[in-house]
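Chemist: Sequence:
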Amino acid sequence: MWEENLRAQLRSRYAARRRRRQDSGSSKASKRARKTPIPADDYADPDRISSLPDTVLRSFLDTKYAVVTSVLSTRWKDLCISLPNIVLDDSLTFKKRKKNFEKAFEKFACRQILLRNVHNINRFRLKSNFIEDSTIGDIVCAAICCKVKEIDIWMRDSTTVGILPLELFICNSLVVLKLRAVVGLFVWESVSLRNLKVLHLTDFMLDGDRSMSRLFRGCKFLEELCLSRCSFGNNKVLNLSFPLLRKLSIDYGDGNFMDFFDDSNSKCKLIIDTPNLEFFEYHGHENEFHLVNNLNSLVRGKISFITKVKNWENVSELFNKMHGVKSLYLSDGALEVMYSNCSSMPVFETLTFLEISSFDLRMLPNVLEIAPRLEELVIHKHGYDDEAEIVYTIPETVPMCLTEHLRNIEFKQFIGSEHDLELVKCLLLNGKVLKRMKIAVMGRPNSDLSTSTSKKISMLPRCSETMEIVFEYDRNLEFSK
Numbered sequence: 001m002w003e004e005n006l007r008a009q010l011r012s013r014y015a016a017r018r019r020r021r022q023d024s025g026s027s028k029a030s031k032r033a034r035k036t037p038i039p040a041d042d043y044a045d046p047d048r049i050s051s052l053p054d055t056v057l058r059s060f061l062d063t064k065y066a067v068v069t070s071v072l073s074t075r076w077k078d079l080c081i082s083l084p085n086i087v088l089d090d091s092l093t094f095k096k097r098k099k100n101f102e103k104a105f106e107k108f109a110c111r112q113i114l115l116r117n118v119h120n121i122n123r124f125r126l127k128s129n130f131i132e133d134s135t136i137g138d139i140v141c142a143a144i145c146c147k148v149k150e151i152d153i154w155m156r157d158s159t160t161v162g163i164l165p166l167e168l169f170i171c172n173s174l175v176v177l178k179l180r181a182v183v184g185l186f187v188w189e190s191v192s193l194r195n196l197k198v199l200h201l202t203d204f205m206l207d208g209d210r211s212m213s214r215l216f217r218g219c220k221f222l223e224e225l226c227l228s229r230c231s232f233g234n235n236k237v238l239n240l241s242f243p244l245l246r247k248l249s250i251d252y253g254d255g256n257f258m259d260f261f262d263d264s265n266s267k268c269k270l271i272i273d274t275p276n277l278e279f280f281e282y283h284g285h286e287n288e289f290h291l292v293n294n295l296n297s298l299v300r301g302k303i304s305f306i307t308k309v310k311n312w313e314n315v316s317e318l319f320n321k322m323h324g325v326k327s328l329y330l331s332d333g334a335l336e337v338m339y340s341n342c343s344s345m346p347v348f349e350t351l352t353f354l355e356i357s358s359f360d361l362r363m364l365p366n367v368l369e370i371a372p373r374l375e376e377l378v379i380h381k382h383g384y385d386d387e388a389e390i391v392y393t394i395p396e397t398v399p400m401c402l403t404e405h406l407r408n409i410e411f412k413q414f415i416g417s418e419h420d421l422e423l424v425k426c427l428l429l430n431g432k433v434l435k436r437m438k439i440a441v442m443g444r445p446n447s448d449l450s451t452s453t454s455k456k457i458s459m460l461p462r463c464s465e466t467m468e469i470v471f472e473y474d475r476n477l478e479f480s481k
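The opening position of the sequence shown corresponds to residue 1 in the UniProt record's numbering, with each subsequent residue numbered one higher.
Worth flagging that the hints you see were computed from the coordinates, not collected in a lab. Check each hint, because a few of them may be wrong.
[Claimed, not checked] Label pairs and their computed distance ranges (CB to CB):
1. Pro275 to Leu52: 41 to 49 angstroms
2. Ser297 to Ile163: 54 to 62 angstroms
3. Lys412 to Asp448: 33 to 41 angstroms
4. Ser458 to Ser241: 30 to 38 angstroms
5. Arg194 to Glu313: 17 to 25 angstroms
6. Leu421 to Glu313: 30 to 38 angstroms
Don't be surprised by glycine CBs; every beta carbon is placed ideally from N, CA and C.
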């Protein structure tokens, strides 16, 4: 009922202006109609675009282009009010900003939303530089009245937004909600987003310690949750309990973002209760993890730490509960945790794909021991120490994956140092079922460095007689010490 009342009030505000505009344009349209049309044969090329159905054209046309196109032909006269997707960006008129710009932008936005001949909106996106939160609230309410399915609000430069309308937090039609650079947002007590499946929060900070829990409590049926460079405030515990969640991504960025707020995120305990999780990505601090259940449905995991892990017990439970993962990416810190605690780590029985990015790959052979069915290995080696003596040794018992399952190995970045060659030699000597090794060599194909590197590798002894070594050369590939 409240949606119909709100829509009626807003429509009456802008309907009169639309009628005046149509009346003034009728005389001009009649004059244009009397002009002799150009025969189709006079065109050198056929107009294939105009022959497309209107529904196809409207599906990918942006709002600003639809408004401009509406003056080109009588066919496009009502184009801008029949789009299924609406994109509003106040930066398009930033250079011509007037004193009353904000009010004019609000009128234009609401008119585009409410005076439509298609009632429902599939996707609504608002990018704002400087309009006030009250104006944003009115525009969002107008979109909600049209049964919007996806809302994407992007506040540039981390604009402080005090309150978004209650209607946003109780919208039954909403399926996707994305909020970017929204700082200091107040979350209402009565959050009820029963049909929300996707929630993305980027550069985000809520007002108060309870706002995050209130928001999550009202989104019980989420299937995808992405938290990118978000501040959890003074929360000591963050409870992520979503029975239907399939994708969870937590990304703190490179760490500089936390200087803008505080370092409280590194002290926040993460309680994860997601029994149906299929994809899990974590890039951040050495948080304490508590997983209520084993991640038995996990297909892909990506774990990286932005700081050195000092207490491996804080993150050990994370690895123990994701032992059923099939594809895994590990950074320096994550690889070191697994290496330092191989004896207490579970065996990753179903792991078939492993991608690692590390400075010191001496840990790799030991990690391979707990991945007995590994079939594909991708290695990013992003640095080395000239003064360090690095020797790669295979344990007394060769890992099962090297003798029975590992078929493909890829080096994403290869400088050709003695350390790198030693690792390649170690893998070739023990890889009994290797089929292919792909190496991206730094430098041009005919340069002295790349030629020398490829020759050295080609001459190395190998255990598998049927394997091939493929070289790729990239002159733009740089090696960072």
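Chemist: Taking each numbered hint in turn, which are not upheld by the structure, reported in ascending numerical order?
Modeler: Violated: hints 2, 3, 4, 5.
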